[in-house]
Structure formats: C-alpha cells, structure tokens
Amino acid sequence: MAETRPDKPQGDKLQGGKLQHDTFRPDTREQLAELVTWAASEEAPLEVAGAGSKRGLGRPMQTRATVDLTGFRGIELYEPEELILKAGAGTPIQELVAELERNHQAFAFEPPDLAPLLGGSAGQGTLGGAVACNLAGPRRVKAGAARDHFLGYNGVNGRGENYKSGGRVVKNVTGYDLCKLMAGSYGTLTLMTDITMKVLPASEATRTVLLTGLDVPVAVRALTAGLCSSYEVSGAAHLPAEVAQTSAVGEVAQAGGPVTALRLEGPPKSVEHRANKIAQVVTEFGRAEELGHDDSLALWAEIRDVKPFVGLDATAVWRVSVPPASGPRVAERLRGLDERASLFLDWGGGLLWLALPEGEDARHAEVRAALGDTGGHATLIKANDGVRAKVPVFQPQEAGLEALSKNIKDGFDPKRLLNPGRMYAGV
Amino acid sequence: MPEPKREILDRKDEIVAHLRSLVPGEGVIVKEAELQAYESDGLTAYRATPMVVVLPSTVEQVSNVMAYCHELGIRVVPRGAGTSLSGGALPLTDGILLGLGKFNQILDIDYDNRCVVAQPGVTNLGITRAVEHEGFYYAPDPSSQIACSIGGNVAENSGGVHCLKYGLTTNNVLGVQMVLIDGTVVRLGGKHLDSEGYDLLGLITGSEGLLGVVTEVTVRILKQPESARAVLLGFPSNEQAGDTVAGIISSGIVPAGVEMMDKPAIRAAEDFVKAGYPLDVEALLICELDGPESEVEELLGRVSRIAEDNGATYERVSKDDEERAKFWAGRKAAFPAVGRITPDYYCMDGTIPRHQLAHVLSRMREMSEHYGLGVANVFHAGDGNLHPLIMYDANEGNQLERAEEFGADILKLCVQVGGVLTGEHGVGVEKRDLMGEMFTEIDLDTQQRVKCAFDRDGLLNPGKMFPTLSNCAEMGKMHIHRGKLPFPDIPRF
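If you're matching them up, the sequences are chains R and D in order. Mapping the first sequence onto my numbering, position 211 (from 1) lands on 211, and the numbers just tick up by one. Mapping the second sequence onto my numbering, position 324 (from 1) lands on 324, and the numbers just tick up by one.
If you're looking for bench data, these hints aren't it; they were derived computationally from the structure. Backbone N, C-alpha and C fix where the C-beta goes; we use that ideal spot for every residue, glycine too. The reader is advised that the hints may include incorrect statements.
[What the hints assert, rightly or not] Here are the computed distance ranges between Cβ atoms for each label pair:
#1 G73/D - A122/R: 51 to 59 Å
#2 G257/R - R187/D: 32 to 40 Å
#3 T58/D - E366/R: 32 to 40 Å
#4 R187/D - S121/R: 36 to 44 Å
#5 G73/D - P414/R: 20 to 28 Å
#6 G276/D - T28/R: 50 to 58 Å
#7 I109/D - G336/R: 30 to 38 Å
#8 E366/R - R187/D: 36 to 44 Å
#9 R102/R - P236/D: 32 to 40 Å
#10 T468/D - P414/R: 55 to 63 Å
#11 A298/R - I109/D: 35 to 43 Å
#12 A399/R - R316/D: 54 to 62 Å
#13 R187/D - L297/R: 32 to 40 Å
Next up, chain R with everything else stripped away, as it sits in the complex (with noise of 0.2 Å):
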C-alpha cells in the first residue's frame, strides 16, 4: 500500500479513523472513472502513482487515496515501421525499453532512472511517470525530452471524464498539443491511463571523446566546440574531480582531474569518423582520449541517472536549467554557496545537478539567486518531506504564469483531486 504521510507506516490503515488512506489499482478507465466521480463528490485528494519510483520527487501531498495506474499495463501496438509504441501509462519503462531493443529501436529522449537517486530500488519507473515528469537524458541536446517524443494519450481528468488527445501519427496538430501539457505535469491534470510514443532507430554504436583537467569554464567552451559543429554530438558533460573520480568507467575515474566528454552515436563507420573530427575540433582544449562502445554507454548512464549523488545522505539534490553558455557563471555560485557543494554539467552546460547538505531549506533562496538573469530555473529534486514541505520545490512562477497555471488546472481538475500542490500550492 502506498502511503502520503510520511510519518505513518506503510500498510497501517486506521479503521474509522480520520487517517484512513486507501490504494485503489483500477483496471480500466470506466472504474478510473467511478473513482474520480467518488472522489469529487467526497472531496477526497488522490495521490496520483504509477510505481511511485519518484514518489520523492515534488512537494509533499495530503491526499485521501492513491490511484495506482500500474492496472494499465503491456503493450497496446507497436509498429517499428511506424516508428510508434503504444503502451498502458503503467508499464514498466524498462520492459518497454527492452521490447524495443529486440527491434533495435530506443526512446530517443533517453529516459532516466532516477529512482536510485530518490532512494528507491533502480528499474521500477513506468511509462507514465517518465512522461509526467518529462525526463530526459544527455540525449536532450539532441533529441529533446519526453515532450517531444509523446504523440498521444487516453485518459480521465479531474472531472471524471474519459477523453482523449493527440494520435498515433507522428506529425499533428489537430487542436491544440494537449500531450505538451500533460508532460511535465506531475500528474495534477489528467490521469493518462495510456500513452502512444514516438520511437526511433537505436545507435547501433557509441564513442566518447573525453579531455581532461579543464576547468567548468574552459570545459563548456570545448562542449560548445563540439555541440556547434556538424558532428551530431549527442552528449555533452563535464564532470568535476571530485564527481569523475566516483565513476564506474576506469579511465574516468582514474584521470586525476575534471573529466570532460563528447559522445557520438550512430553507424560505426561514421561515429568513428566524427569522434576523429570532434578531436580535432576540440584540439586547442587538450589531447582527447577515447572511450569505447560499452564504456561510453556506462559514463553516459552514470551521467543519466545522477549516479555520483546516489545514496548521499542528509545531502539535498538540484536540478538547474540555464541556457548552456551560462552554465560556468552559475556553476561558480552555486559551488560557492558551500564548501561541501558538489556539481556537474550536462547538457553542455545547460543543465547542472547540485548536491549540497540539506539543512533547514537546502538553501533554495541562495540557489535561486545564483541563477541571476539567465532566465533559467531550478528544482529541488531531492531532499525530505519536511524540506520539501517548507520550500519552494519547482521555480516560483512570476504572477502571469501562475494565474495561467491555475485556470488551467480549474479547466481539468477544478476540485483539486489530483495530486494537488505536487507542484505548487493551489494548483
């Protein structure tokens, strides 16, 4: 049974008492259906979970009930000649992953694992989870984010109501890009019972081309070197000292300083060509050293997962979304917020991951001011309940943004049964 109240054991359900939280798992959406309609008729806020993978991740909810999508499960159609997989929100991503690999085929954004991260046990997230946090990998640079990948859905919003949006056709603008909205919307509009995604062809090979002993500033102008040329480079990161040398990948690890690297992927005759052309371009940053197929493919899931910042204790983690180029500016004040602050880049310096001691409030007004003018934002991916609670969790929104956000949610959920103030209060 899953549980909202950090404070309550799991599985204790308290009869006739003002604490009673049950789990529904419907299996179909006139069920998903009736539960909504009892919700709204009983004013009961529902924690909307799939595995509940990332059950950590946003700000704590008191809800009455939980609705676990994980009844929506297996593949409804794959076509690998259509380039599209559609599959019940609650299946397992890696079963997903694993039914395309069979057809040398991938979700291009590269969906992370952060389960580890958050304290879970790896391999659990579903479909719908990825899609409702819109993650993504150091693919993104490339590739994009879930948004970008999720063509269509079936679902029952806030009002009871089954509906549906998009299709099962990669190019379409039939009204308006509902499955835009729904991505990255943590579950506070819709429960999506299935999800249509576009896939593509896998890499069928991986280099990494890696430099050493730069610091982030000179780091992000090799990444840049590399992200502007024609190479198709489809990963960019830099790895501090301290970061690089907990990697799995011996040469990483071994380095004895910052690490920073450029993948390439595709076709081995041509990665081998442009990981040749990268070195080149990257020459006046240093003698670029190679990593090969199956070590590139370890960094690079290391780099996805946030693997350095798995199992810190007492240790608050952030995400940091700047434009690329003012990555080194803010990476200099974030690190010096604490000397135990810990960052790396990905991205090519557009995203940073922060680990800092959590303390009262993992220092979100510091954090947020370092992001000065650049327009970005940052969310506290990870720290506990009573943190989370106190702090601003997703980016405080300027007052137009955030009176949209709630007309929006009033359109789907007006009574603010699904996972209410997951990301911000009132909504």
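With the hints as your guide, set chain D onto chain R.
Same frame as chain R, now just chain D:
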C-alpha cells in the same frame, strides 16, 4: 463564424480613434481598398473584410491594443504573413485584424547557445539566411518558407520536408514572449532547454492564435550537416513507393527527408520547374540523407537496394548541392505547379499511418471519379502526411462545393484509418466542422477549457479550430454525482 457584435460595429468610429491613439502613424487601417489586402489568407475560398486592421510596431502597443479590446469585448484575429492554408487568419467583420508584419527584426544571434531570437514577422527562411554564413540553419522548412513568418509557424506548429529527422516547430522553439488577451506580457521558456511548471510553450505552439499573440520567438539553430545528398526513385506503382519508405525506415535509417509524389504531381512539377523528374513512372520518391560523406554514401547504397527490391525503375543520385536543390525545387513548387494546370485547387493535409497509404490512395482515386474532379498527391512519406491537391474551377457550376465535399471525405478517411485531420496546416475555419470526426464532445470540451484558461471571453480568433464557440462559464461547471463507494469492481489494497 460568430455573429458580429452590433454594439461593437456601432462604436466603430470611437474604437478607431482610440486605436489611433494607441498605435500612432499609419498603423491603423480602415479604408475599404486597403482592407482588401487582408480579407483572406492562403485559403482564398474564405473571405471577410475586417472592421479595422491594426499594425503595431512595439510590444507595448500590442499589449495596449489587447487590453483595450479585452475591456470593450472586441474580437482580435492575429496575422503573420497570411500564408495559412486553413484560414487561420480569416478576419472577422466586427473584429480587429492584428498584423505583426512590422515585427520583422532579428534581435539576437547567439551561436554559443545555438539559438536565434527573432520578432514574429521574420520569415522562416530569414532565420536561416541570418546564420548561414556561419554554417548554421533553422531546421523546419515549410514549402512557404520564403514568405511565411516565424510567428505564424509557432501558431500553426509548421512542419516541412525535413521534420522526420529534425522535428516540427514545436521541437525547435525554445521560448516566446507572448501577450495575453488582457494585455499581460508573459515569457515562456528562454534560451534554456526545459520549461518550468506546465509546458505552456508546447501548448501555445500550434494553438492557431487562439491563446495569445506571440511578439518574440527564440528558436534553436543547427550546424549544417557535413554533407547531404538526395536520390530520386521512380516506381511503377504508389504501393511500391510506399513499401520502399517502410523498408527504409524499418531498416533503421532516418532520412533527413522522404517525399513522395504521384503521377499528376510529378508531371505538373516537372512542367513548371524542370527538376529532371522522370515522367514515365507512377510514383516518385525524393529521399535525402545527410551526415558524414562516408555514412551518406553507405546509406544511399542501402536505400538503393531497398528500392530495387521493391521494383524501382528509375534512380538518380544528386551529384552536387545544386542538383540536390533542384530535386527539392520541384517538390517545393508542387502547389503552384498544380495551380498552373487548374483554375483552382484545394490543398488537403491529413496524416495517416504509413501502411495505409496504398488503401487511401486507391480510395482517393474512386472519390476522384465520383466527384468528377482530378487530384494530385504530394506526400511527406516519412511521417505519413498527405497533401492531396483537388483540382477544380470555382466558376464552373458547383465545383467548389464538390471539391469541399471531396476534401472532407478524404479527411474522414484519414481519421477512419487511424490518422488525423491535419498534419501541419492547422484546423482553422477549414476543418473545424470535421473535428467531431476525430474527437468526442468531451475531448473537445477538454480542449475548449484550455481556451477558457487563456481567454475566458472568447475574444481571440473565435470561430477557428472548434465547431462551436466556447461558453466558459457553462463548461467550467462541474456536476457532482453522488459517489458510489465501495467500488466492488476496483481492486483495493
């Protein structure tokens, strides 16, 4: 279209005078002769004369005009370059046509962040032109790219021939500045990659001017690939061409573009552009591959083998960029080329699952006979986006009505086989009455509530996209039924 508001028309002089105070100079147009230029967009079968045209030149003016319209309840139709093929910029006789043509400057070129910040009236091609000397380009390339504006591209989520590999507008826009109907100016996104909160940027892309007026756009630019080559492949049947596309994609190749044309389209394009297309084939594919030269070479070989296996009778690989451009020139000019051989044509835009292509084309031939109207087909074959061009003569009997019925039948067929009404041209006025073919009333209500979140009074571009006008007060209500616990059917834990 919505019934014109008498009370607004009665106050026209006062409204015009006030608009002149908000947008001084020549930014307010009321002369009948000058209004004519704005009475339709690319969908010329629909026309209406706007009450007044306003051409602001600053964001502040846009904001003031919108706030004024909001206060008085005046309807606003935004317009970019006016190239919409679905009537997205069709004016309202009691409304303001808000033209963004004066917003034609590129504000910032930022190679380090790989993006360009442009005003909405800059043309699609204008962005590429501004960065191509550094080897960069903007990927989405609708056929109208010489004329269409980037603001219009955002409104319609425009595609083009390269979007299979590089995505649509929505995948290439990083941020916008937008003015809401009450005059509020908001920023969505920026130069960073991810949106915070709800992805309103993704939502407004493709919203057809119903949610806000975009006053600034930040787009991602890409470095030109090392090399690119195109191959022309001719087939004795549409089916074989379709099978070849399926074969290419299922072999793991994602071409930069795959286009297909049927015989009437090939002939029209060749007569017009002299692109070197073969005239003795039933279907022609243009397949472009890009990347390192060695990779392109290898992939061309694979594509060629797949085509041969599917019975290709013609093959020609571009020998240089000039010839490649020529291959594309024929395709990109297909609409005007068809326009030369018929007094009028009606361009449709459905998307279908690709494997349904042969079925849809053969049904279309039957419909063509039924309606007694010719049809030429161009097809973004990689992503299943079909552009049938129905040929008719508006001055001949009821040919226009027949063309419209024929078009509607095609779109209904697209939906029946698992596709959608529009792949890239938008719903506009043209397809709004067909929305019910694809969506239930609840689906549409859910979308209309999004409209209500931005524009409660329905002042922005009403009459487009939805078959009925939104009644936000009514749709916002939630009717609570008595809940039925204990849910005998739902597994509980």
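Cβ distance range 51 to 59 Å for G73/D and A122/R, holds or violated: holds, 57 Å
Assessment of proposed distance window 32 to 40 Å (beta carbons of T58/D, E366/R): Holds, since T58/D and E366/R (Cβ atoms, about 37 Å apart) stay within the stated range.
Range agreement (Cβ of P414/R with Cβ of G73/D, hint 20 to 28 Å): holds, 25 Å
Outcome for the supplied range 32 to 40 Å, where the beta carbon pair is R187/D and L297/R: Cβ of R187/D to Cβ of L297/R: about 38 Å, so the range 32 to 40 Å holds.
T468/D versus P414/R beta-carbon gap, inside 55 to 63 Å or not: About 21 Å separates the Cβ atoms of T468/D and P414/R, which means 55 to 63 Å is violated.
C-beta pair A399/R, R316/D: status relative to the range 54 to 62 Å that was hinted: holds, 59 Å
Beta-carbon spacing of G276/D to T28/R - inside the hinted bounds 50 to 58 Å or not: The hint (50 to 58 Å, Cβ to Cβ) holds, given that G276/D and T28/R are roughly 57 Å apart.
Pairwise beta carbon distance, G257/R to R187/D, judged against the given window 32 to 40 Å: holds, 39 Å
Range agreement (Cβ of R187/D with Cβ of E366/R, hint 36 to 44 Å): This hint is violated: roughly 23 Å between Cβ atoms.
Outcome for the supplied range 32 to 40 Å, where the beta carbon pair is R102/R and P236/D: About 35 Å separates the Cβ atoms of R102/R and P236/D, which means 32 to 40 Å holds.
Cβ distance range 35 to 43 Å for A298/R and I109/D, holds or violated: Cβ of A298/R to Cβ of I109/D: about 38 Å, so the range 35 to 43 Å holds.
Hint check for S121/R and R187/D - Cβ pair distance inside 36 to 44 Å: Between R187/D and S121/R, where Cβ atoms are some 40 Å apart, the hint holds.
Of the hints listed earlier, those the structure fails to meet are numbers 8, 10, in rising order.
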